[in-house]
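Protein chains in written order, with my numbering: chain S, 39 to 389; chain A, 39 to 389.
If several chains are the same, the list does not tell them apart, and a pair holds so long as it fits within one copy or across any two.
27 Å max Cα-Cα, derived DSS-like pairs, lysine-lysine:
(1) K186 - K235
(2) K171 - K199
(3) K344 - K186
(4) K174 - K163
(5) K344 - K359
(6) K235 - K199
(7) K186 - K347
(8) K347 - K163
(9) K199 - K163
(10) K231 - K186
(11) K199 - K212
(12) K264 - K347
(13) K199 - K231
(14) K140 - K91
(15) K186 - K163
(16) K359 - K163
Hints listed in this document are in silico derivations from the structure and should not be mistaken for laboratory results.
Protein chains: 2
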Amino acid sequence: MKDTRTFSCWIGLISVILLASSCSREAKIDTPRPTFGIAIHGGAGAISRQSLKPEREAAFRAKLTEAVCTGHRVLQNGGTSIDAVEATIRILEDSPLFNAGKGAVFTSEGTNELDACIMDGRTLKAGAIAGVKHIKNPISLARLVMEKSRHVMMVGEGAEKFAFEQGIELIEQKYFFTQERWDSWQRAREREKQREKRPGTSSSLLEDDLGPDRKFGTVGAVALDKAGNLAAATSTGGTQNKRFGRVGDCPIVGAGTYANNRTCAVSATGTGEYFIRLNVAHDISALMEYGGSTLEQAAGTVIREKLTKLGGDGGIVAIDKNGLIATPFNTSGMWRAHALGQDAKAVVAVF
Amino acid sequence: MKDTRTFSCWIGLISVILLASSCSREAKIDTPRPTFGIAIHGGAGAISRQSLKPEREAAFRAKLTEAVCTGHRVLQNGGTSIDAVEATIRILEDSPLFNAGKGAVFTSEGTNELDACIMDGRTLKAGAIAGVKHIKNPISLARLVMEKSRHVMMVGEGAEKFAFEQGIELIEQKYFFTQERWDSWQRAREREKQREKRPGTSSSLLEDDLGPDRKFGTVGAVALDKAGNLAAATSTGGTQNKRFGRVGDCPIVGAGTYANNRTCAVSATGTGEYFIRLNVAHDISALMEYGGSTLEQAAGTVIREKLTKLGGDGGIVAIDKNGLIATPFNTSGMWRAHALGQDAKAVVAVF
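Given only the sequences and the hints, what does the whole structure look like? Please build it.
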């Protein structure tokens with residue numbers, strides 16, 4: 039049994055190495071400074087080297103590689119950054135590994151409620167949805183909100199009514215089900231019950247309880263296309279066991295998602311409330327535009343200093359108008375990948 | 039009949055002048071630079087001198103004076119800026135004159151759906167609710183979200199469930215009804231029907247139709263207390279005839295509402311989608327913090343230049359950490375008032 043597992047683990051790792059070697063068939067060495075590129079994340083959190091099983095790591099690396107290479111291919115073929123981030127996020131939404139689309143966490147009601155946001159740095163147009171329950175690919179609905187409505191943000195049943203009018207198929211909740219998320223939710227409820235028995239703790243303080251393996255599986259992508267246009271996209275199932283129609287930072291323009299051709303594109307993952315209060319994504323852009331910071335400096339200041347000081351956890355991926363990226367996080371790990379420039383290699387990392 | 043109306047109009051104007059003369063019983067001349075103060079708005083839009091009837095103007099001036107003096111009294115008595123903006127907004131929510139609380143506009147479904155947000159500049163804590171239908175004073179629920187939950191933003195039925203758990207009485211929709219808003223909505227629906235008959239116009243482009251008298255009756259307040267702490271609050275019924283669970287800028291931290299002791303407190307009113315895309319409130323703060331702008335410069339740049347260039351309408355009221363205020367708008371009018379410093383006079387303006 040152990041031999042079989044070790045064998046499958048090695049197969050996984052080898053396939054990842056092959057996949058990760060290049061988004062193109064022929065990788066080149068010493069490519070010039072990238073004029074286009076993409077960076078993505080698959081969530082940040084308390085990921086430990088000890089608890090991360092090799093086959094699970096291999097699965098994450100393979101899916102992130104597939105996603106980043108899909109977006110990179112769009113860019114390399116002359117496509118727009120908006121198309122690139124949407125195509126990338128759809129792959130991550132379809133994967134049960136991440137807390138977005140298929141595999142979203144469960145709310146306190148046992149439902150799956152999804153949020154997404156997309157923003158175009160050229161026009162500053164944006165589309166966001168929150169609390170939808172029957173949309174397979176929330177990021178594509180967010181894009182429709184951006185392109186086919188006068189509005190920026192729609193929530194709940196109203197957003198689904200708009201989706202229906204736009205010809206999007208509404209799916210049943212059972213599509214989002216995974217045994218892993220269900221079991222995790224059951225454990226969270228059990229912990230909640232235990233704590234409710236203790237005096238002095240109110241149930242409203244026990245929301246978004248992810249337990250000891252606290253990880254935010256939000257997915258995000260930022261891209262710069264050959265025309266110099268930036269875009270950002272984020273999609274999430276929110277926090278496990280969430281109550282009260284809670285909306286996190288993901289669908290809030292300027293908090294979890296932001297793109298502006300003058301500066302950068304940013305997508306965030308973490309304890310959303312802190313990202314909202316700090317306007318994390320817009321703050322990074324503003325530090326660059328008004329404070330003269332580089333992307334690296336601005337992103338570092340906001341995540342490592344401001345977010346940490348306020349008590350928030352998480353990270354961001356960002357790309358600036360010159361194709362430079364920054365991926366700071368203040369948790370032990372953040373799943374991330376990038377592919378920059380012609381015939382780029384996909385680079386995947388977690389710690 | 040005409041004489042009676044002229045008489046009541048004069049009575050109204052005289053009472054306004056008496057009310058507006060001072061928030062305190064004894065006004066002083068040459069007061070020192072204000073160390074505390076409050077500024078409020080009651081919406082911006084296409085308000086024309088010709089169409090504004092004297093008795094209506096008198097009613098607006100009287101209510102804005104009452105509201106700003108209430109907030110000012112809290113501050114003068116040593117209360118916090120958070121208490122001041124909440125008390126002020128509650129008065130405006132209770133008045134049928136404004137599009138918040140009683141007198142909110144109707145959605146495409148014939149319902150009233152309310153949004154509100156409050157933010158504390160000292161802690162950067164914030165609370166926001168969107169799409170609630172049974173809350174008399176949404177701003178007080180937003181404050182409970184800020185103080186009694188782990189979350190920043192709650193929407194729809196979830197937010198009302200939280201309200202119920204917190205002991206807030208849920209009221210029936212009929213409380214919000216006013217004949218004026220109902221008639222206005224009927225006219226908007228009629229215009230919508232007329233336009234639907236024309237080819238080439240989709241119904242989804244006809245939302246938030248306020249007709250020729252386009253006015254945004256959102257209410258907002260910003261305050262600096264004697265301890266040097268800033269706060270901002272905004273409350274609205276959103277846009278008339280809105281569809282699809284649309285959420286505007288009011289409940290979005292950094293868009294319609296923002297407060298930060300390092301810079302300023304801002305509350306906005308206008309075409310919310312543009313305020314979201316520009317992160318109006320946070321952008322003003324960032325221009326001050328990183329760009330070295332004064333509040334006057336920062337607010338002017340964002341409203342008169344950026345917002346106008348993007349095609350958005352509206353305005354903001356803001357107060358900085360030194361008690362200076364700015365109230366720029368790019369519409370023909372914005373209802374606003376302020377009262378700054380010890381024994382301050384209430385100053386009310388519209389054009």
